[in-house]
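Same order as they appear, the protein sequences are chains A and Y.
Going by the numbering used here, the residue at position 246 of the first sequence is 246; the numbering climbs one at a time, nothing skipped.
Going by the numbering used here, the residue at position 255 of the second sequence is 255; the numbering climbs one at a time, nothing skipped.
Since the hints were made in silico from the structure, they are not lab data.
The C-beta atom is built at its ideal place from N, Cα and C for all residues, glycine as well.
Hints are supplied without guarantee of correctness; some may be wrong.
Reference excerpt, derived from the structure (chain Y facing chain A, CB under 8 Å, subset only) [unchecked claim]:
{"no.": "1", "residue": "Asp-21"}
{"no.": "2", "residue": "Asp-31"}
{"no.": "3", "residue": "Lys-39"}
{"no.": "4", "residue": "Leu-85"}
{"no.": "5", "residue": "His-182"}
{"no.": "6", "residue": "Phe-183"}
{"no.": "7", "residue": "Phe-186"}
{"no.": "8", "residue": "Ile-224"}
{"no.": "9", "residue": "Lys-226"}
Think about it this way: if two alpha-carbon atoms lie no more than 25 Å apart in a straight line, the pair counts; the simulated BS3-like pairs of lysine-lysine are [as the list claims (entries may be wrong)]:
{"no.": "10", "chain 1": "Y", "residue 1": "Lys-73", "chain 2": "A", "residue 2": "Lys-15"}
{"no.": "11", "chain 1": "Y", "residue 1": "Lys-67", "chain 2": "Y", "residue 2": "Lys-39"}
{"no.": "12", "chain 1": "Y", "residue 1": "Lys-39", "chain 2": "Y", "residue 2": "Lys-73"}
{"no.": "13", "chain 1": "A", "residue 1": "Lys-230", "chain 2": "Y", "residue 2": "Lys-126"}
{"no.": "14", "chain 1": "A", "residue 1": "Lys-51", "chain 2": "Y", "residue 2": "Lys-263"}
{"no.": "15", "chain 1": "Y", "residue 1": "Lys-103", "chain 2": "A", "residue 2": "Lys-51"}
{"no.": "16", "chain 1": "Y", "residue 1": "Lys-103", "chain 2": "Y", "residue 2": "Lys-71"}
Given next are the chains, with one letter for each unit.
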Amino acid sequence: MFSGFFFHLRARGLKVGLTEWLALLRALARGHERANLGTFYSLARSLLVKKEAHYDLYDRAFAEWFGGLEDQYQLDEQLLQWLENPTLPRDLTDEEREQLQRMDLETLKEQFRERLRTQRERHDGGSKWIGTGGTSPFGHGGRNPQGIRVGGAGGGRSAVQIASERRFENLRGDRVLDVRQLGAALRRLRRLARDAGPEELDIDETIDKSAKNGGEIELVLRPPRKNRVKLLLLMDVGGSMDPHADTCERLFSAAHKSTHFQAFRHYFFHNCVYDRLYTDISRYQGPRTDEVLKQIDKSWTLVLVGDAWMGPYELGAESGGIAWGMSTSRTPGIEWLKRLAERPKASAWLNPEPRRIWNAPTVAVIRRVFPMFELTLDGLSAAVDHLRGARPTLPEPGLVP
Amino acid sequence: MLPAMAAKTFDGTAGYLASSDLRDAVNVAVDLEKPLLIKGEPGTGKTRLAEAVAEALGAPLLVWNVKSTSKAKDGLYVYDTVARLNDARFNDRDIRDIRQYIKYGPLGRALLSDERVVLLIDEVDKADLEFPNDLLHELDRMSFTVDETGEVVTARRRPIVIITSNNEKELPDAFLRRCVFHFIAFPDEEMMRDIVRVHQPDVEEKLLSSCLVRFYWLRKQPDIKKRPSTSELIDWIAALRRAGVPVERLEGELPFVGLLLKKEADVEALINVKTGKVRSIRQ
């Protein structure tokens with residue numbers, strides 16, 4: 001039952017590692033759950049879940065697993081049972097294996113048995129772990145603002161009910177996109193390097209120089225570290241993007257506000273990029289695309305935002321852009337996109353539409369040119385990893401069903 | 001193994017109300033000797049928590065305010081080479097003793113302390129991305145070596161480490177794995193009532209209720225970018241009381257709205273809210 005919960009959480013997409021799980025076992029062995037499912041709920045959450053964006057996932061998994069079991073659920077017995085015959089995941093990392101050895105489950109089991117015995121001997125009025133009217137610092141009687149029942153006080157709602165309320169739904173990483181979070185994700189793009197004017201004292205160099213100088217101090221200054229990333233942001237403002245205007249605006253203001261880029265440029269396009277990019281779409285003002293391309297080199301990172309959803313002729317036909325009055329050249333949109341993709345160091349396409357409709361013809365074509373990511377926090381995070389050339393730290397978000 | 005569960009536990013203080021799951025998180029972090037990572041909206045009392053824990057457990061508080069230029073090593077110690085060079089040049093002091101040029105940082109002092117201290121590492125996300133990872137070793141082992149003197153400092157009493165983050169950046173997974181995590185949810189109306197009473201014990205019930213209604217209404221407005229937080233509510237109520245604003249006036253308007261909304265754009269957004277409820281906004 002116990003390890004079942006562990007596997008259940010993992011199956012639901014929560015990256016619970018063995019380190020966290022062992023920490024929970026230690027906490028349980030030391031009586032922190034106070035034989036109460038409500039306390040167990042928040043205890044397990046504080047040790048297993050490390051991002052508020054995952055709170056909702058945890059709530060759902062918890063409600064699924066413990067739903068209907070609240071009454072007969074004997075945490076202590078279950079845990080002891082598990083310790084008798086611990087099942088653990090097979091895909092342990094070396095670090096986890098080492099921790100497992102250090103943990104020593106036997107000792108843990110002894111400690112736990114000892115606690116259970118003490119607990120039974122001194123029941124109510126005891127001073128150690130749980131019980132009503134005891135001197136235990138825990139006890140109940142405190143009102144819990146979140147309404148999780150603590151101790152035996154009646155009238156409260158059960159842990160499962162609480163979990164079912166899903167109070168943290170709006171903190172989910174795949175839903176919320178506020179400027180601040182977007183800014184946080186974008187900041188990870190930065191790559192620090194030293195250039196610009198001298199400002200900091202370089203201790204090592206100073207010592208070297210002074211030593212060579214026969215002890216006469218010679219101060220050496222060096223420029224502070226600066227972010228060297230240059231970001232080119234192109235956003236689709238075509239009609240089909242209207243429902244996403246809000247999200248795009250937020251992404252834009254996050255990128256704009258983030259002062260960490262060495263250079264930041266942004267242009268709009270309408271459905272697809274043709275021979276012009278726009279600084280003001282309503283007045284069709286903006287530079288020629290090839291002029292912009294000339295200024296883009298391998299020090300730039302390109303991010304496009306759009307639903308990649310258009311008529312196939314808009315992408316492939318020579319007159320695709322002309323039909324919309326968006327272009328005077330006969331170069332098809334896809335050609336412009338390919339030219340764009342060649343210039344910068346790395347590029348990514350953020351799509352506000354969910355992944356499941358990415359098989360649409362034009363989306364599929366564009367995906368062959370640009371790596372595509374969902375315009376969600378998780379997606380942006382993955383895109384940033386891709387742009388930095390790092391291995392993704394997040395697995396495919398298991399935020400299914 | 002660990003000693004028996006910590007004798008003293010954290011239960012909030014007279015000036016700091018903690019929800020029960022926050023109390024549990026603090027206690028389990030203290031007991032398992034893991035750093036406690038606290039996140040939450042601005043104004044939910046993340047920094048105040050460390051003060052309250054220190055007060056409740058009767059331990060001194062050391063604060064390390066992390067800045068964008070902070071390096072993990074600065075928290076341990078700084079070797080003042082320039083001072084030493086200078087002394088060498090002017091023969092001011094005996095420079096053979098390097099120890100006088102070692103200045104311990106907050107983490108270094110926490111580990112050197114004879115008694116258990118509470119160490120607050122405030123706004124850890126402000127520093128470089130690698131900063132939390134660089135701290136891992138010291139936080140795990142609770143010891144460090146002063147390279148210049150070869151001296152090894154090991155904690156006599158493991159400090160209680162509380163780390164706050166404002167979500168400016170993602171924290172590395174290896175770091176997160178070692179922490180106990182708690183997200184301070186914005187207080188609900190009932191909890192907020194208690195919090196206000198801590199600061200304004202004699203506030204009139206009617207005024208408090210109306211203020212809370214208006215406050216939560218304001219927070220729900222989608223056009224308001226910087227939502228008012230607890231401290232702003234407390235200031236606002238204090239101002240209303242001092243000015244003797246009658247409760248009835250809160251029905252139709254929001255006096256001293258500048259105390260709640262700090263951005264001009266938000267005040268404008270509020271004026272634009274066409275509910276008919278707010279007829280005039282007074283600064």
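Going down the list of hints, with the structure as the test:
Interface restraint check for Y/Asp-21: the shortest CB-CB distance to chain A comes to about 4 Å, inside 8 Å, so the restraint holds. A distance limit of 8 Å between C-beta atoms decides the matter here; for Y/Asp-31 the minimum to chain A is near 6 Å, and the interface restraint holds. This hint holds: Y/Lys-39 has a C-beta 6 Å from the nearest C-beta of chain A, less than the 8 Å allowed. For Y/Leu-85, the suggested interface contact is upheld, since its CB lies about 5 Å from the closest CB of chain A, less than 8 Å.
Taken as an interface hint, Y/His-182 checks out: its beta carbon lies about 5 Å from the nearest beta carbon of chain A, inside 8 Å. Interface restraint check: Y/Phe-183 against chain A, minimum CB-CB distance 4 Å, threshold 8 Å, status holds. The criterion of a C-beta within 8 Å of any C-beta in chain A is not met by Y/Phe-186, whose closest approach is roughly 11 Å, and the hint is violated. With 8 Å as the threshold, the beta carbon of Y/Ile-224 stays out of range of chain A, its nearest partner Cβ sitting at about 12 Å, so the hint is violated.
Because the smallest distance between the Cβ of Y/Lys-226 and any Cβ of chain A comes to about 10 Å, over 8 Å, the interface hint for this residue is violated. Proximity of Y/Lys-73 to A/Lys-15 is assessed by CA-CA distance (about 30 Å); at most 25 Å being required, the pair is judged violated. Between Y/Lys-67 and Y/Lys-39, the direct Cα distance comes to roughly 17 Å. Compliance with the 25 Å bound is thereby established for this hinted pair. With a C-alpha separation of about 24 Å, the suggested pairing of Y/Lys-39 with Y/Lys-73 holds against the 25 Å cut-off.
In summary, the hint linking A/Lys-230 to Y/Lys-126 is supported, as the alpha carbons are separated by about 21 Å, within the 25 Å threshold. Between A/Lys-51 and Y/Lys-263 the alpha-carbon distance is near 29 Å, which puts this suggested pair outside the 25 Å criterion. At most 25 Å may separate the alpha-carbon atoms for a hinted pair to count; Y/Lys-103 and A/Lys-51 exceed this at roughly 35 Å. For the proposed pair Y/Lys-103 and Y/Lys-71, the alpha carbon gap of about 15 Å is at most 25 Å, so the pair holds.
Against the hints set out earlier in the document, violations occur for numbers 7, 8, 9, 10, 14 and 15.
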